[in-house]
Amino acid sequence: MNPGTTELQPDRQLIAQLTGFSRFARAQNFNVGIQESVDSQRLAASIDVTNRRQLRMGLKALICSSVSDWERFDRVFDAYWKLDQPRQNTQASIGGKAPRQAALADSSQHGDDALFDVPDANALDAKGASDGNLSQGGASKTESINTRNFDQLSNAAELRSMEDLAERLARRIRQRLLRRQRIDRRGERVDMRSTARTSLRYGGLPMSLSFRQRRRQTPKLVLLLDVSRSMSVYSYLFLRFARGILGAFKGADAFAFHTRLVHIGETMREPGRRRLREKMALISAGWDGGTRIDKSLEAFNRHYARNILGSRSIVIIVSDGYDTGEPEELCKQLQRIKRRSRRLIWLNPLLGNENYRPGTRCIMAALPLIDIFAPAHNLESLSALEQHLAGI
Amino acid sequence: MQAALDKMGQRVTDAGYIADQALLTSLWLMSELNRPLLLEGNAGVGKTEVGKILADVFDRSLIRLQCYEGLDVNTAVYEWNYQRQLLAIRRQEILHEDGLSEAQLFSETYLMKRPLLQSISGVQPTVLLIDEIDRADEEFEAYLLEVLSDFQISIPELGTIKASSIPLVILTSNGTRELSDALRRRCLYHYIDYPDYDKELRIVLARAPDIGANLAAQIVAFVQKLREQDLRKVPGVAETLDWTAALLRLDMKSLGDNPDAVVATLGCLLKTREDIDAMPAEVIHDLVARAS
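Which chain is which? The protein sequence lines are A and B, in order.
Take 1 as the starting number for the first sequence in our numbering and just add one per residue.
Take 1 as the starting number for the second sequence in our numbering and just add one per residue.
For reference, chain A alone in the conformation it holds in the complex (with noise of 0.2 angstroms):
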């Protein structure tokens, strides 16, 4: 180490280089604010910045903020400092922007991107229209929808308005739930805390009790939709629903699967409809084919189920049942699932028809290890899940 190094003020190159790296990793998807760009500085200023090694550690050290990024972080180093230049021009040529480009071609291609494709303008449009037919409750236009099956819906407005409605019923869902607990409050232990504050008027003596009682939580959804092609004309209107249980329920998480499973909780929480379109266009090749509910639910059971699933946890499977795989290994995954969390759900979309009986062999053989197994062919249905979270 050269000791003149450790005491120098960083010279203006470097102080250039390091603002243009943390420029670089913020268009990498870091998270580097300007409380991290002063601190590589100060980094800068006290390490001996000849050695890549150290500079590389202590950088990863500031910049990571998960795991995702710890393990991607040394490519993205490498590519920065192997280029020694101000970087105007290889944010595009280096990962960030390029998939994304790809993934816009790639939805174009697709026909069916009519999901999150509305205009914003248009959007906050269908919003407030929407609002207003169920403020008044009774409205007929929101009646028939509410009722109509999903598989009836033809043309492309009611659909989206449909979707929209989906996705604010999955809100709906949360506040009716908040409130109820409200009006459930009754005491069950005696707050210590409170109960001393409250008779030191009464010169310390206990005249009137204060209760506690544990705050009930709202329960944690985990979703797992099927997206295979059985399932495609109903798997765009889950979409949204999730959508809205993922913005509305703090602990949610979603996964679609076919053949096999995808994890698309963070990625349906993007806000913006653009970017939304772009990501699902990205993760949502390959949709539409067959399913494996059990290799799919496998691969939940050995990748996140451990951090995913808890005592408050709902895992709720959206699936219509046809699988090609064997019903003991279904069971068995199933089984696990269960242990693991609080009540197991499985709405099927067919189950609203009337001539339709649980017939297929998977669906037989699981039946005893679901909670609940009901419709979700509507919106009514849909929001009758309310209840079966309320008792929770």
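Please keep in mind that the hints were generated in silico from the structure rather than gathered at the bench.
Note that this is a predicted model, so its numbers are computed, not measured.
Just so it is clear, CB atoms sit at the ideal spot from N, CA and C, and this is done for glycine as well.
Errors might be hidden in some of the hints.
Stated by the list, open to error - Label pairs and their computed distance ranges (CB to CB):
(1) 367(A) with 272(B): 23 to 29 angstroms
(2) 335(A) with 142(B): 32 to 38 angstroms
(3) 156(B) with 67(A): 37 to 43 angstroms
(4) 68(A) with 2(B): 25 to 31 angstroms
(5) 14(A) with 286(B): 53 to 59 angstroms
(6) 312(A) with 210(B): 23 to 29 angstroms
(7) 14(A) with 75(B): 43 to 49 angstroms
(8) 335(A) with 123(B): 19 to 25 angstroms
(9) 71(A) with 157(B): 46 to 52 angstroms
(10) 307(A) with 34(B): 29 to 35 angstroms
(11) 142(B) with 190(A): 27 to 33 angstroms
(12) 97(B) with 190(A): 40 to 46 angstroms
(13) 82(A) with 260(B): 52 to 58 angstroms
Fit chain B to the given chain A structure using the hints.
Same frame as chain A, but now just chain B:
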């Protein structure tokens, strides 16, 4: 800086912890920049241990806050000592003393300091270990954010208490819940992975010096192989050390000598019935053979 790092590395090693350069850099940075360090990693890779070691290295006292669902201000920050307050009131009544004003009733005498308040109100700077922050509620996380950025705590009856010393803060997380971006940004970040063969061997030798180099190598090779299996709960370093201690008690010299003892002590490594069922004796014998 390298000199400081080396010195720190030496002290950490002396304290019995094997840390790589990256972790040392993070630790050094957190003391330099006065920012909390968020440690993530699987269960049993030695996250909590880092806090203890840090207290050792900087010669500070360690204050630990174990988080759980429902953790609230009363258990994490402060609580009034009601019994004592009531006693004081009664005493004043009986003895007809004057002068117990409300201000006195809510003074530090009747304040019970919980870990967070303790850690910032001491004369000597401390090390604050906030363990498994992911188990606490989001509300608590938000509160913590406030404490960690300003290092001051408001108590309605008493006013704001400013930190008399800034603690070194370590947060650990198992990832049972996604932490908020705000908290992540506030912290330096370090991910501790399962150690590779060499590092784990050094850990075992550091923690159980009595074990022969031969057996230690076999143990580590076995555990490394075991981690590649399809298990529900992958054994961490803590499990390796447990198992080492168990084998030491059994006076084992080599795993190959007595594979049945390996099967019998497997409870140190595998913690669920499913995992034990998934690893029948033949598989274990095979793993032993490959490890030795």
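Verification of the hints:
Between residue 367(A) and residue 272(B) the C-beta distance comes to about 27 angstroms, which sits within the given range of 23 to 29 angstroms. A hinted range of 32 to 38 angstroms holds for the C-beta pair residue 335(A) and residue 142(B), which are about 37 angstroms apart. Taken as a hint, the range 37 to 43 angstroms holds for the pair residue 156(B) and residue 67(A), whose Cβ atoms sit roughly 39 angstroms apart. Distance hint check: the CB atoms of residue 68(A) and residue 2(B) are about 30 angstroms apart, consistent with the given range 25 to 31 angstroms.
Distance hint check for residue 14(A) and residue 286(B): the Cβ-Cβ separation is about 55 angstroms, which falls inside the suggested range of 53 to 59 angstroms. Restraint check, residue 312(A) to residue 210(B): a C-beta distance of roughly 46 angstroms breaks the suggested window 23 to 29 angstroms. The hinted window of 43 to 49 angstroms between residue 14(A) and residue 75(B) holds, with their beta carbons roughly 47 angstroms apart. Between residue 335(A) and residue 123(B) the beta carbons are some 56 angstroms apart, a value that contradicts the proposed interval 19 to 25 angstroms.
Checked against the given bound of 46 to 52 angstroms, the beta carbons of residue 71(A) and residue 157(B), roughly 48 angstroms apart, stay inside it. For the pair residue 307(A) and residue 34(B), the supplied restraint of 29 to 35 angstroms holds, since their beta-carbon distance comes to about 31 angstroms. Between residue 142(B) and residue 190(A), the C-beta spacing of about 28 angstroms keeps the proposed range 27 to 33 angstroms intact. Checked against the given bound of 40 to 46 angstroms, the beta carbons of residue 97(B) and residue 190(A), roughly 29 angstroms apart, lie outside it.
One distance hint, 52 to 58 angstroms for the beta-carbon pair residue 82(A) and residue 260(B), holds here, with the actual separation near 55 angstroms.
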